[in-house]
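Can you make the complete structure from the sequences, with help from the hints?
Line order of the protein sequences matches chains S and X. Per the working numbering, the first sequence starts with residue 1, numbered consecutively. Per the working numbering, the second sequence starts with residue 1, numbered consecutively.
Just to be clear, a hint being listed does not mean it is correct.
What the hints assert, rightly or not - Quick list of simulated restraints, FRET-style, between CB atoms: (1) 361/S to 164/X: 44 to 52 Å; (2) 133/X to 169/S: 24 to 32 Å; (3) 329/S to 4/X: 54 to 62 Å; (4) 184/S to 4/X: 41 to 49 Å; (5) 184/S to 274/X: 34 to 42 Å; (6) 164/X to 42/S: 33 to 41 Å.
Hint data in this document are derived by calculation from the structure and do not stem from the laboratory. This structure is a prediction, so every number in the text was calculated from the model and none was measured. C-beta: ideal position from N, C-alpha, C; glycine also.
Now for the letters of each chain:
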Amino acid sequence: MATLDGFGRPADVPWWVGLVLLPLLNLLAAFVIAGGVIWVLGVDPVAALKVLVWGAFGDTDLIGFTLYYTTNFIFAGLAVAIAFHCGLFNIGGEGQAYIAGLGVGLVGLAMGGWPWPVVMAVAVISAALFGGIWALVPAWLQAYRGSHIVITTIMFNFIAASIMNYVMVDVLIAPGQQAPESRAFDPSTHLPSLQDLLALFGIRSRTSFLNVSFLLAVACCVAFWVFVWHTRWGYGIRTVGQNERAAVYAGIRPGHMIMLAMVISGALAGLVAVNVLLGAQHRIILNYTGGVGFVGIAVALMGRNHPLGIFLSALLFGALYQGGSELNFEFPKLSTEMVVVIQGLIILFAGALENLFRPQVEALFRRRLRAAA
Amino acid sequence: MDDILLTIVSVAGATIRVATPLVFAALAGLYAERSGVVDIGLEGKMLAAAFAAAAAAHVTGSPWVGLLAGIAASTLFALVHAYACITKAGNQVVSGMAINILVAGLAPTLAIAWFGLGGNTPSLASGARFQAIRLPFVDLLAPVPIIGPIYAQVISGHNILVYIAAALVPLTGWVLFRTRFGLRLRAVGENPSAVDTAGVSVVALRYRAMIICGVLCGVAGAYLSTAHGAAFVKDMTAGKGFLALAALIFGRWLPWPALFACLLFALTDAMQVRLQGTPIPGIGVIPVQFIQMLPYVLTVLLLAGFVGKAIAPKASGIPYVKER
Numbered sequence: 001m002a003t004l005d006g007f008g009r010p011a012d013v014p015w016w017v018g019l020v021l022l023p024l025l026n027l028l029a030a031f032v033i034a035g036g037v038i039w040v041l042g043v044d045p046v047a048a049l050k051v052l053v054w055g056a057f058g059d060t061d062l063i064g065f066t067l068y069y070t071t072n073f074i075f076a077g078l079a080v081a082i083a084f085h086c087g088l089f090n091i092g093g094e095g096q097a098y099i100a101g102l103g104v105g106l107v108g109l110a111m112g113g114w115p116w117p118v119v120m121a122v123a124v125i126s127a128a129l130f131g132g133i134w135a136l137v138p139a140w141l142q143a144y145r146g147s148h149i150v151i152t153t154i155m156f157n158f159i160a161a162s163i164m165n166y167v168m169v170d171v172l173i174a175p176g177q178q179a180p181e182s183r184a185f186d187p188s189t190h191l192p193s194l195q196d197l198l199a200l201f202g203i204r205s206r207t208s209f210l211n212v213s214f215l216l217a218v219a220c221c222v223a224f225w226v227f228v229w230h231t232r233w234g235y236g237i238r239t240v241g242q243n244e245r246a247a248v249y250a251g252i253r254p255g256h257m258i259m260l261a262m263v264i265s266g267a268l269a270g271l272v273a274v275n276v277l278l279g280a281q282h283r284i285i286l287n288y289t290g291g292v293g294f295v296g297i298a299v300a301l302m303g304r305n306h307p308l309g310i311f312l313s314a315l316l317f318g319a320l321y322q323g324g325s326e327l328n329f330e331f332p333k334l335s336t337e338m339v340v341v342i343q344g345l346i347i348l349f350a351g352a353l354e355n356l357f358r359p360q361v362e363a364l365f366r367r368r369l370r371a372a373a
Numbered sequence: 001m002d003d004i005l006l007t008i009v010s011v012a013g014a015t016i017r018v019a020t021p022l023v024f025a026a027l028a029g030l031y032a033e034r035s036g037v038v039d040i041g042l043e044g045k046m047l048a049a050a051f052a053a054a055a056a057a058h059v060t061g062s063p064w065v066g067l068l069a070g071i072a073a074s075t076l077f078a079l080v081h082a083y084a085c086i087t088k089a090g091n092q093v094v095s096g097m098a099i100n101i102l103v104a105g106l107a108p109t110l111a112i113a114w115f116g117l118g119g120n121t122p123s124l125a126s127g128a129r130f131q132a133i134r135l136p137f138v139d140l141l142a143p144v145p146i147i148g149p150i151y152a153q154v155i156s157g158h159n160i161l162v163y164i165a166a167a168l169v170p171l172t173g174w175v176l177f178r179t180r181f182g183l184r185l186r187a188v189g190e191n192p193s194a195v196d197t198a199g200v201s202v203v204a205l206r207y208r209a210m211i212i213c214g215v216l217c218g219v220a221g222a223y224l225s226t227a228h229g230a231a232f233v234k235d236m237t238a239g240k241g242f243l244a245l246a247a248l249i250f251g252r253w254l255p256w257p258a259l260f261a262c263l264l265f266a267l268t269d270a271m272q273v274r275l276q277g278t279p280i281p282g283i284g285v286i287p288v289q290f291i292q293m294l295p296y297v298l299t300v301l302l303l304a305g306f307v308g309k310a311i312a313p314k315a316s317g318i319p320y321v322k323e324r
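This is the structure we're talking about:
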């Protein structure tokens, strides 16, 4: 079978060049530059990498934390990806996740005494509603008022931060407390940690934040694949993303698809709140998102908007975040901010400079194919 | 009466000081977007410049060396953005975001490694900062009612960068609408293929615009750490780059309206400090957070066409690929 390029023409390079080789080359470039920064700071990059890998996978509790971060990044990455499929850039995942924290938090505060599966179900719906509605407004403005979604979602991030700041500092703050945190959720609402579940099967592991939300994230990956490639709506979203005018001729209303894609995007971003607040922190915390929405951009770009790729790149970023937090203990000169540097470099090389090596690599393969022919 | 005047004068002075970096950054964005390159990386470039300026000013003791270092750092990232967006036809929003995140990590990483102060730079001695300038005739005008205090506190008493920002607005208006470069710059942001057909290089024009953008963001960042503040503090831009972007849009990509938008946004900032916990007659206490979000809400409303209409340069955000 001849492989096809993006426009349905027979491609003259193997499919894995664009999907596997080039992303890996870009990733390598990002890591080489990050290694250069580490070297400039007077630390051996190879030693730093060893500490990073050990910090992410060296023990069961470390793996647990890695997978806990992975869970967040899967949700955030899928959120960015569904919008990308519709040709939209949702920079607002951060704000959507933050506002969803209010939805999850209210459920956690109100439903003390209920069994956790009920609480989780209601919290998932609430998170999806809060996040989805926060994304719906920019979507509507893009679809029917002509505002650019990038600018609107950036503005909505700041508006969300202000609102949550007000809610946390003036309304929900626990009585008699200085730090802007809500009171703790009732223990009955806490999601079971995965080591509790593993213990049921006789597998013993050490404590971490990892909880059942991870399974929800994996389920979302599968649902994402089915939705985007095997349903009518997914087809509509992809068609609008490829060519809005063609979509109109195919009987698809672009406005509807833009709003649908963004609501799903906001809802997925909102699920971060379930993992962090209901699964780990058990209270609402000021600025609990800590940039997860922006990591989602890197994850979606690395993962080429496909759930399998997103899972793998979320795992990479989960390992980076968990392993990166260990760097500072071993090398006082390296701060945990180094992880943010690597994240920025990956967005730069895997996203903005994705065509950096493409001409040379494709020319190389064409030459070889021609030589073989 | 005197109380009210003093309050107004001090709020106006504070507004100007807060508006200055916004003006530099908004004008930086104006050059970039007028040439057809969307730049959401203003924030990152400012932060890079703020760090470089504070570090260099601390080492050399000269604010001018700091300013040059800030401009160099910012321009370097502007060129990275230009290379990705113009030469490699990459996604401009992704590139801007990448620079924001990269710098947000890099500045504190370097600060911790070099200075070991938890991501900040050491406090600058007064000689290493831009100092307030007393304009002539302050003492002469002091006894004059109303004009005296206004001249002394609103017009005089700022550092040199504030006056440069004020001069840059008419200068940008002149460059944009009265020079050949400005005409071509506007054309390349609206219809690059027409410019290309006329035999003018689209790539060279956009690179030049991005270098101007980098220089201006550099001054904005240096202002934050060596004029307004006295050190680099982690995340010290705190969204000012995005606020400038909002001001640029609110000013409909024109220099004078952008200046007024910057002043308006800076005024909300100066007011929120004043209004903290003070009840307004008839309304009561407005939570500061609602005043803080005002610029962003206004920008959203404007973009949606509910208050006026903002139309971006037509080709902004679209990489130009010569037809082969």
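Against the structure, the hints:
1. Roughly 47 Å separates the CB atoms of residue 361/S and residue 164/X, a value that falls within the hinted 44 to 52 Å.
2. Separation of residue 133/X from residue 169/S is about 39 Å and departs from the stated range, judged on CB atoms against 24 to 32 Å.
3. Under the hint 54 to 62 Å, the C-beta atoms of residue 329/S and residue 4/X, about 57 Å apart, fit the expected range.
4. For the hinted restraint 41 to 49 Å between residue 184/S and residue 4/X, the CB-CB distance of approximately 48 Å keeps it satisfied.
5. Distance hint check: the CB atoms of residue 184/S and residue 274/X are about 37 Å apart, consistent with the given range 34 to 42 Å.
6. Distance hint check for residue 164/X and residue 42/S: the Cβ-Cβ separation is about 38 Å, which falls inside the suggested range of 33 to 41 Å.
This entry does not satisfy hint 2, going by the numbered hints stated previously; all others are met.
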